[in-house]
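Work out the full structure, taking the sequences as your base and the hints as a guide.
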Amino acid sequence: MLFRFFNSDIVNPVFDFLMPILTNETYWLPVYIIGILLLIIKGGKTGRIVATALIFTIIVSDQLSSSILKEFFGRIRPCHTLDDVRLLVGCGGGKSFPSSHAVNNFAAAMVLYRFYPNKKAIFFSIAAIVAFTRVYCGVHYPFDILAGSIIGVGVGFLSGYFVL
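If you're matching positions, the sequence shown starts at 55 in this note's numbering and goes up one per residue.
Because the hints were derived from the structure by calculation, they are not lab data.
It is possible that part of the hints are untrue.
As the list claims (entries may be wrong) - Taking lysine-lysine pairs in the BS3-like style, the calculated list, with each CA pair at most 25 Å apart, reads:
hint, residue 1, residue 2
1, K124, K149
2, K174, K96
3, K99, K174
4, K99, K173
5, K173, K96
This is how it looks when you write it as structure tokens:
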């Protein structure tokens, strides 16, 4: 099972230390806020447009994934249904499909890519790492993050399309 591979087979002390930090939005929130502020202050007109597009996109993507899709599909998290899950963070009571971390980060990556295409590797690498942490930490199945990434790219594309 692919979940077991990512959650148990590739275990190592470095990942065990880093993944709970990288998956926790509390640590990312200051980075996101500073990034938005830098876009607004230093980015000129384009930066303000991007900041506005990002805020709008994250609101839409988060509500779509958390309030609509998760409730529609109702998939239970692996940490509630599978035995011997290596749980490195709290399991949470919410649903599993799709991963909101993946949806939101890939939506943001897509918006940023549309405006700053030369930095796409950075944007999508960050989104992929954050998404991967969800399986490693035991709170999502691989398909949750795959679907979340596809949905996020779609939301980000549409958001960027309407802004451009």
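Here is what the structure says about each hint:
no.	hint	result
1	K124 / K149	holds (6 Å)
2	K174 / K96	holds (20 Å)
3	K99 / K174	holds (20 Å)
4	K99 / K173	holds (19 Å)
5	K173 / K96	holds (17 Å)
This entry satisfies every hint, going by the numbered hints stated previously.
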